[in-house]
Amino acid sequence: MSEAAKAEGQAKPAEEPKLSPAELKKRAKAEKQARRAAQKDQQGGAGEAPAVNGRREEDRGQKQQDQKPKDGQQKGQQPQQQQKQAKQTAQSDGKHERSGSQHQNMPVRPKSVQPSEAKEQRETKQVELFSHLCTQPRRQDITGAHKDVHPTVAATGFQMSNYDICGSSARCVAMLLAFKEVIQAYALPKGKAFAMHFTPHYLSPQIDFLKSCRPISESMGNAIRYLKKIIGELDPDMQEQKVKEYLCEEIDRFIHERITVTDQAIAELASGQIKNGSVVLTYAKSAIVEKTILQAHAQGAQFRVIVVDSRPLFEGKQLAISLMTAGLDVEYLPFSGLAHAVKEATLLLLGAHSMLSNGRLQSRIGTASVAMQAHKAHIPVIVCCESVKFSGKVALDSIVLNEVAPSEELLLQKPTATMQPPSDQKANDDEEDEGKLRSLHDWKEIRGLQILNLMYDVTPAEYIRMVICEYGNVPPSSVPAVHRLANEGM
Amino acid sequence: MATVKTNPAPTGGTTAQQFDVVATYHRLLQEDAEITMPVAAIEALILGLANTPATTVSETLDLVSKLTEQLKQSISNPISLSAGTDLFQQYLISNLQRPSARGDFDSIRGHLVQNGRLFVERAKAARETIAGFGRRFVRDGNTVLTNGGSRVVGSLLRSAAESSNDRGGRGSIRFRVIYVVSPASHTSNESESEANIRALRERDIPVATIPPTAIAYCMDTVTSCFVGAEGVVENGGVVNRLGTLQMATLAKAAGKPFYVVSESHKFVRLYPLSQQDLGIEQNIVDFRTANGSEKESDPRLMGDEGLADMDGGRDVMIRSASTPTCPPEEAVDYTAPHLISGIITESGVLLPSAVSEELIKIWF
Chain A
0 MSEAAKAEGQ AKPAEEPKLS PAELKKRAKA EKQARRAAQK DQQGGAGEAP
50 AVNGRREEDR GQKQQDQKPK DGQQKGQQPQ QQQKQAKQTA QSDGKHERSG
100 SQHQNMPVRP KSVQPSEAKE QRETKQVELF SHLCTQPRRQ DITGAHKDVH
150 PTVAATGFQM SNYDICGSSA RCVAMLLAFK EVIQAYALPK GKAFAMHFTP
200 HYLSPQIDFL KSCRPISESM GNAIRYLKKI IGELDPDMQE QKVKEYLCEE
250 IDRFIHERIT VTDQAIAELA SGQIKNGSVV LTYAKSAIVE KTILQAHAQG
300 AQFRVIVVDS RPLFEGKQLA ISLMTAGLDV EYLPFSGLAH AVKEATLLLL
350 GAHSMLSNGR LQSRIGTASV AMQAHKAHIP VIVCCESVKF SGKVALDSIV
400 LNEVAPSEEL LLQKPTATMQ PPSDQKANDD EEDEGKLRSL HDWKEIRGLQ
450 ILNLMYDVTP AEYIRMVICE YGNVPPSSVP AVHRLANEGM
Chain B
0 MATVKTNPAP TGGTTAQQFD VVATYHRLLQ EDAEITMPVA AIEALILGLA
50 NTPATTVSET LDLVSKLTEQ LKQSISNPIS LSAGTDLFQQ YLISNLQRPS
100 ARGDFDSIRG HLVQNGRLFV ERAKAARETI AGFGRRFVRD GNTVLTNGGS
150 RVVGSLLRSA AESSNDRGGR GSIRFRVIYV VSPASHTSNE SESEANIRAL
200 RERDIPVATI PPTAIAYCMD TVTSCFVGAE GVVENGGVVN RLGTLQMATL
250 AKAAGKPFYV VSESHKFVRL YPLSQQDLGI EQNIVDFRTA NGSEKESDPR
300 LMGDEGLADM DGGRDVMIRS ASTPTCPPEE AVDYTAPHLI SGIITESGVL
350 LPSAVSEELI KIWF
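If you read the protein sequences in the order shown, they are chains A and B.
For the first sequence, numbering that gives the first Met the number 0 begins at 0 and goes up steadily by one.
For the second sequence, numbering that gives the first Met the number 0 begins at 0 and goes up steadily by one.
For the record, the hints were derived by calculation from the structure and aren't laboratory data.
Warning: the hint list may mix true and false statements.
[To be verified] In silico DSSO-like pairs for lysine-lysine, Cα to Cα no more than 27 Å straight-line:
1) K274/A with K146/A
2) K375/A with K251/B
3) K316/A with K290/A
4) K255/B with K375/A
5) K228/A with K360/B
6) K228/A with K243/A
7) K360/B with K65/B
8) K360/B with K392/A
9) K28/A with K146/A
10) K274/A with K71/B
Just chain A, same shape as in the assembly:
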């Protein structure tokens, strides 16, 4: 499969920019097909180890042939052929007997099946288990965007995609503020009703654009649902200008009620959990946890804070700095110092990306481990979470619902200047893999290496002692009750 890997590196940049929504859809479909085919292929080969080995050898032999033509033409065919083979064997032999040798001896019929070729190659740098999450890479520029995308939305989207705006609540607020601009900039075509035209023809492209920059969070989803609901309930006789004013007011009210005031209420409640002599442990950075700690400090409690942080975002640094500036006693530890941190802590405060309906917490990756350690040490694990982040979804693992960030974020800083040009590298790769010193930055050229950079993980409800939301302290089992109360009746 190494050809595919190489080709991906080449094909990707060329192909990315000019994608219209229709093309995207087509591609997604093709990808799905390819994935399915790959799966079948795997199932075919997974039965016995020899089959895999046999194929690998065949793969190599084929590769050496490939090198001379040095053209993309044949590259894609190889996997295709294998698939065909696998399928044929599956059909003819049934499941049980698929030995490697038989597989190898099958006559190879060169067949030109082109359409899913590029997609087939793309797969290989994605971890198969998470391929449903990386349907499209994050948008970095405005090429191919819908013509109506408002500049504010575009700016907001890019700020989100490069983490200038980070955190579920902050992104939600930024989105709503951008939507206010969108509403103001919108001109209702003659003879159309606001509710009928605005949402599908003007708002949706904006949302799609934001989604293409970074998958939207649960809070954003809830806010969008709310916005669509109030638009749907608009009085059709209302003047256009009135409608705009009304919607902007409603958005302001939403931000005020569901986020600003809520944050204050939660900080108030949660700071009550911090007592004299407490040692507060926290992971990465959550705005609401920061607020809580600062509030407790302002109320005069004497306590210490331990911030555990990890790659790649190092959000905890900001938190540690902000707490230090406020005059708090802060200890900053890397993730590897977790066991040490847990020993001293009396309380673990966590922020949330979303609270799921089975009481599980979806939060920055690494949170589950921290929560588990705290739980094992009998330290209360407290989650601070606005009800706007409560979700009706249920997840048992962090595979189904997650976000894959660009793999490059996981790489360390490039070693300076000593890098060989990539073409050189490839030549080496083609000759022989072993014995060559290479850095992780060449991961795209290294066969069999995939880098997975997940954003979130899911913490089991058993680890969570208490969830603090604006309705008070609730056990994680009451998340669906609060969600119904807060997000469905709104």
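Let chain A serve as the given structure and place chain B on it in line with the hints.
Coordinates of chain B only, in the frame set by chain A:
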């Protein structure tokens, strides 16, 4: 707990209306042995409301919250009581602030007073309903472990003893009861457990009494445990007489079901994470040297007593007279929800996690 007393009126009755809510509360508790603390608190508040001429909504709410504050100040452990007063306050707020309530305030108020009485009646009747639900948890050949003088557990066991499949007077369920009784017991509470034991023995139910130290010893002969509750907290844990936690822990370790029997008016909006979070001052762990208690020299640990001292000598006297800081019989502990198999209430048998949902239903 509030630190400022608006009106220290436990004995004097110095409210403008000359109504002494604390005395009323204690009188009610004494008059009716069947009444529980939250219900007594609610009844006292209703009497207070009936005796005082409040003319506006906010005046009424203000009065109720003032009376509640007095009540809470007057006793050392207001958890159980606050369940009742909070419920009543919430009920008042939701009723008085309804738009329809604006019109005729007097009739609404009269209605409230009437309905409040109804509430008290219903609360008493709840115990029978609970016994109806709970007796199905006691089967033939079971051995039941229980403690303390909970009236609702008593009525549950009595009901189980009397229940029968045929129409004969005697019960057909043969079970045995192990009663945990503290050795030194002269309080009213223990006489309550005496009464329970007597009632069961009269119904041909064999009852053994053991000291708390023997719980672990007899745990393997037990099929299930039943305890009452002073308060059921938001996460589904319970606050109950000291010793409940260790019984629950032992039951959990032995894999025996541990049921809490409680009326739903004892659900209280409190979310403790540990024993120290109950918001009451208990002098259970008292480090001493030859020079006396450690707490006296450490102002940080003094809490309520410290405040009382500052208020003046009279207050301390009252405090220690009515509620000696912490008699071991009055002390409570908090049992975490994961130790509890089920909570038997008049609205059904709930998992601990359902308590929070019930509370959300009441409050929002």
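(request) Tell me, in ascending order, the numbers of any earlier hints that this structure violates. (result) 1
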